[in-house]
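The chain contents come next:
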Amino acid sequence: MPDATTLPPAPHLPPKASQDVPTEPTLASAAAGDLYEVLGVDGDDPLARRLQAAGVWPGAAIELLTRAPFGDPLLFRLHGYRLALRRSEALRVRVRRVEERP
Amino acid sequence: MNAAPPLATAGRRRVALVGRANSGKTSLLMHLTGSLQRPVNFPGTSVECVEGDVRLGATTLCIVDLPGIASLEAHSRDEAEALRHLTDPAAAVDVLCVVLDASKLIVELRLLAELRRLGRPMLVALTKIDVATAEGFPVDIGRLQQALGVPLLVVNGASGAGIDALRQRLAGPLPDVLPPVERADRAAGAAARRAVARSRTDRIDAVLLHPLLGPIVLALVVLAMFQLVFAVAEPFMGWIEAAQGLLGAGIAALVPAGTLRSFLVDGLVNGVGSALVFVPQIALLIGFVTVVEASGYMARAVFLLDRLLRKVGLSGRSFVPLASSFACAIPGIVGSRILDDERDRLATIAVAPLMSCSARLPVYVVLLAAFFPPHQAGLLLFLLYLLGVVVAACVALLLKRTVLRGGVSMLAMELPVYERPRLRVVAAHTWHAVRSFLRMAGTVILFATVVVWALGYFPRPPAIHDRFEALRAETPAGDDGEAQRERLDAQEAAAYLEQSWLASIGRTVQPVFAPAGFDWRTTVGVLAAFPARELVVPTLGTLFSLGEVEPSPDVPDPRLTAALRAARDADGRRTMNGLVALALMVFFALCSQCAGTLAAIRRETHSWRWPVFTFAYMTVLAWAAAVAIYQVGSWLGYGPA
Numbered sequence: 000m001p002d003a004t005t006l007p008p009a010p011h012l013p014p015k016a017s018q019d020v021p022t023e024p025t026l027a028s029a030a031a032g033d034l035y036e037v038l039g040v041d042g043d044d045p046l047a048r049r050l051q052a053a054g055v056w057p058g059a060a061i062e063l064l065t066r067a068p069f070g071d072p073l074l075f076r077l078h079g080y081r082l083a084l085r086r087s088e089a090l091r092v093r094v095r096r097v098e099e100r101p
Numbered sequence: 000m001n002a003a004p005p006l007a008t009a010g011r012r013r014v015a016l017v018g019r020a021n022s023g024k025t026s027l028l029m030h031l032t033g034s035l036q037r038p039v040n041f042p043g044t045s046v047e048c049v050e051g052d053v054r055l056g057a058t059t060l061c062i063v064d065l066p067g068i069a070s071l072e073a074h075s076r077d078e079a080e081a082l083r084h085l086t087d088p089a090a091a092v093d094v095l096c097v098v099l100d101a102s103k104l105i106v107e108l109r110l111l112a113e114l115r116r117l118g119r120p121m122l123v124a125l126t127k128i129d130v131a132t133a134e135g136f137p138v139d140i141g142r143l144q145q146a147l148g149v150p151l152l153v154v155n156g157a158s159g160a161g162i163d164a165l166r167q168r169l170a171g172p173l174p175d176v177l178p179p180v181e182r183a184d185r186a187a188g189a190a191a192r193r194a195v196a197r198s199r200t201d202r203i204d205a206v207l208l209h210p211l212l213g214p215i216v217l218a219l220v221v222l223a224m225f226q227l228v229f230a231v232a233e234p235f236m237g238w239i240e241a242a243q244g245l246l247g248a249g250i251a252a253l254v255p256a257g258t259l260r261s262f263l264v265d266g267l268v269n270g271v272g273s274a275l276v277f278v279p280q281i282a283l284l285i286g287f288v289t290v291v292e293a294s295g296y297m298a299r300a301v302f303l304l305d306r307l308l309r310k311v312g313l314s315g316r317s318f319v320p321l322a323s324s325f326a327c328a329i330p331g332i333v334g335s336r337i338l339d340d341e342r343d344r345l346a347t348i349a350v351a352p353l354m355s356c357s358a359r360l361p362v363y364v365v366l367l368a369a370f371f372p373p374h375q376a377g378l379l380l381f382l383l384y385l386l387g388v389v390v391a392a393c394v395a396l397l398l399k400r401t402v403l404r405g406g407v408s409m410l411a412m413e414l415p416v417y418e419r420p421r422l423r424v425v426a427a428h429t430w431h432a433v434r435s436f437l438r439m440a441g442t443v444i445l446f447a448t449v450v451v452w453a454l455g456y457f458p459r460p461p462a463i464h465d466r467f468e469a470l471r472a473e474t475p476a477g478d479d480g481e482a483q484r485e486r487l488d489a490q491e492a493a494a495y496l497e498q499s500w501l502a503s504i505g506r507t508v509q510p511v512f513a514p515a516g517f518d519w520r521t522t523v524g525v526l527a528a529f530p531a532r533e534l535v536v537p538t539l540g541t542l543f544s545l546g547e548v549e550p551s552p553d554v555p556d557p558r559l560t561a562a563l564r565a566a567r568d569a570d571g572r573r574t575m576n577g578l579v580a581l582a583l584m585v586f587f588a589l590c591s592q593c594a595g596t597l598a599a600i601r602r603e604t605h606s607w608r609w610p611v612f613t614f615a616y617m618t619v620l621a622w623a624a625a626v627a628i629y630q631v632g633s634w635l636g637y638g639p640a
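Residue numbers (numbering that gives the first Met the number 0), protein chains in the order written: chain A, 0 to 101; chain B, 0 to 640.
By construction, these hints were calculated from the structure, which means they are not laboratory data. All C-beta atoms in this analysis are idealised placements derived from N, C-alpha and C, irrespective of residue type, glycine included. Incorrect hints may appear among the rest.
Unchecked claim - Listed next, with one range per pair, are the computed distances between beta-carbon atoms:
(1) B:Gly141 - A:Phe69: 42 to 48 Å
(2) A:Val97 - B:Gly135: 16 to 22 Å
(3) A:Glu98 - B:Ala164: 37 to 43 Å
(4) B:Ile140 - A:Gly58: 21 to 27 Å
(5) A:Phe69 - B:His374: 33 to 39 Å
(6) A:Pro24 - B:Leu397: 35 to 41 Å
(7) A:Val97 - B:Val206: 27 to 33 Å
(8) B:His209 - A:Val97: 43 to 49 Å
(9) B:Ala91 - A:Pro24: 49 to 55 Å
What the hints assert, rightly or not - List time: in silico DMTMM-like cross-link candidates among lysine to aspartate or glutamate, alpha-carbon distance up to 25 Å:
(10) B:Lys310 - B:Asp340
(11) B:Lys310 - A:Asp44
(12) B:Lys310 - A:Asp71
Work the whole structure out from these sequences, hints included.
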């Protein structure tokens with residue numbers, strides 16, 4: 000079997016990014032008014048634990064209320080209160096959309 | 000099951016109020032104890048909390064309001080101290096009063112579950128039931144009470160309802176902590192996932208967080224703060240200065256002229272006045288910040304500004320300390336405690352003194368009035384303020400790229416519901432801030448003023464005295480010679496100052512400032528300003544033989560402006576002109592000239608590194624900028640002729 004690195008890229012393959020496992024949507028790409036369910040928080044660092052303590056845990060329902068000017072930070076509602084997250088923080092939270100804007 | 004037997008109800012019992020920031024602990028403490036509280040410092044730290052006592056029959060409850068925590072993991076120094084206090088046997092907390100905010104009950108229950116692991120007797124005070132209902136997430140109290148296994152008392156931080164029952168319960172037999180009988184989050188009504196209707200806070204946010212209206216409102220709020228700090232504080236500051244003048248005159252009437260009188264009037268009274276004169280501004284500023292904070296708007300300001308401030312290496316939370324610093328850097332530096340990331344906090348502290356504080360204003364006003372027409376003066380004043388902001392942004396960015404690099408700063412911040420601020424909370428906060436300012440900065444400013452007085456007063460060569468006595472003897476007696484004698488008095492004061500240690504230091508140091516165009520007198524003024532800027536205008540007044548000159552933030556003394564314009568060096572060149580004045584103002588804008596600020600930085604950072612660094616970089620920067628302006632200006636032909 001020839002060394003894989005020596006092979007020229009197959010011209011018919013789509014660009015590299017879509018070869019990866021399809022990435023789950025994160026809170027960073029949430030749409031205002033839609034309701035999401037938290038699937039998990041990536042990483043195990045102070046930020047991840049802080050998000051935990053703030054109620055961002057699997058199963059929690061979370062809704063994007065608004066974005067600050069220029070789109071960052073973002074304001075969410077979960078468990079009945081409002082939580083502001085930077086885009087970089089929201090990127091860590093994997094979600095699934097469960098309800099469209101009513 | 001907790002096996003510890005209930006303690007006797009007699010004696011002293013230590014209660015710790017534990018909960019998140021914003022859960023309503025502070026107003027609960029006020030209701031529990033009346034208003035008799037004292038701020039306490041955790042040993043070895045600047046973390047401050049409030050405690051108060053209340054007697055119930057034979058029991059004295061000693062209640063401490065710990066800094067807010069979100070979990071048993073600390074992210075900031077405040078949280079670390081709160082946790083240490085909870086687990087430290089020396090703190091001897093007898094019972095935890097866990098304050099839970101009903102409006103985010105599910106998250107709060109997670110914290111409660113963690114706190115149960117501490118194995119301490121505890122009870123729950125549930126606040127903000129009304130908020131939870133208004134937000135569309137009502138709480139079933141009966142079911143929750145059953146589920147928790149911990150005594151639950153509903154209290155209202157605004158009206159004080161339920162406080163009596165809580166107080167009785169805290170003083171009564173200690174409760175056992177039972178395991179929960181039902182999953183508390185189910186009991187709390189986790190089924191409600193989405194609010195049914197828009198709440199009042201949603202409607203207010205629609206305006207205040209609007210992409211266009213939001214920033215406009217924010218600008219108006221900042222403007223209102225400036226107006227309050229500068230315009231409203233003005234008459235109060237006038238009264239303090241008037242009282243200082245009266246006291247000085249009173250002492251002058253009682254104490255004969257000489258060293259003692261000068262020490263009392265120019266050293267002591269002037270020093271106390273120099274510190275007290277800031278109190279109205281600080282009180283108004285803290286009062287305003289507390290109102291904005293308690294109303295829920297401050298978190299919105301942080302939300303709106305986070306991105307902008309992050310671009311210069313700071314955080315949205317830096318906004319509050321930096322905005323405060325336009326009045327006085329000291330409350331700003333103390334206020335930087337709200338920054339939970341240590342690097343952000345240090346960067347904020349290091350640049351806070353660059354915000355043009357109110358003590359710089361009288362210097363600007365004198366120099367602008369002396370050398371610039373009104374239409375230019377306004378613009379220049381604005382540019383001087385802007386200069387501080389721009390330089391602060393550059394320094395913060397540089398710090399975050401070098402010594403303060405790394406780390407992940409977090410926002411993850413709650414935006415509370417809008418509430419009407421409670422007067423008692425605002426008054427208590429303001430009082431604490433003023434007291435801590437006077438205790439820390441007041442003493443340093445007083446000491447510095449006395450030192451500058453001594454340097455400017457001694458030594459007093461008798462030759463000067465003899466010379467002026469002889470001159471005075473030549474003046475015609477009675478009213479005719481009065482004006483002449485007054486002029487001689489002023490000249491004598493100037494002669495003494497010219498011979499003083501301060502002047503010797505000024506002459507020695509002057510070559511350093513020569514490239515910036517400062518003569519020795521300006522240098523003495525600059526040096527006198529190092530402990531506290533408010534000393535520069537009176538010092539210049541004495542140096543230019545004017546007798547008493549009071550600093551003023553709006554109307555400069557016309558004699559001083561005229562003297563500054565007319566002053567000439569020994570070689571006949573003008574001492575000052577527009578270019579020198581500009582260099583001097585820029586020097587003041589950038590230089591770290593306030594012993595109180597450095598003391599505050601020392602206290603807040605627990606090291607000499609940061610005050611020394613701040614002093615050094617600001618002074619070097621100020622000197623370099625002043626030199627650059629003077630040299631470039633002279634080259635362009637704007638130098639003094």
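Tested hints:
1. A hinted range of 42 to 48 Å holds for the C-beta pair Gly141 (chain B) and Phe69 (chain A), which are about 47 Å apart.
2. For Val97 (chain A) and Gly135 (chain B), the Cβ-Cβ distance of about 18 Å falls inside the hinted range of 16 to 22 Å, so the restraint holds.
3. In this structure, Glu98 (chain A) and Ala164 (chain B) meet the distance hint of 37 to 43 Å, their C-beta atoms being roughly 41 Å apart.
4. Between Ile140 (chain B) and Gly58 (chain A) the beta carbon distance is about 25 Å. The supplied range of 21 to 27 Å therefore holds.
5. Phe69 (chain A) and His374 (chain B) have their C-beta atoms about 36 Å apart, which keeps the hinted 33 to 39 Å range intact.
6. Taken as a hint, the range 35 to 41 Å holds for the pair Pro24 (chain A) and Leu397 (chain B), whose Cβ atoms sit roughly 38 Å apart.
7. A hinted range of 27 to 33 Å holds for the C-beta pair Val97 (chain A) and Val206 (chain B), which are about 29 Å apart.
8. The given range of 43 to 49 Å is broken by His209 (chain B) and Val97 (chain A), whose C-beta atoms sit roughly 28 Å from each other.
9. Checked against the given bound of 49 to 55 Å, the beta carbons of Ala91 (chain B) and Pro24 (chain A), roughly 50 Å apart, stay inside it.
10. With a C-alpha separation of about 16 Å, the suggested pairing of Lys310 (chain B) with Asp340 (chain B) holds against the 25 Å cut-off.
11. Pair hint Lys310 (chain B) plus Asp44 (chain A) holds up; C-alpha atoms about 24 Å apart against a cutoff of 25 Å.
12. Under the criterion of a C-alpha separation no larger than 25 Å, the hint pairing Lys310 (chain B) with Asp71 (chain A) is consistent with the structure, at around 12 Å.
Checked against the numbered hints given earlier, this structure breaks only hint 8.
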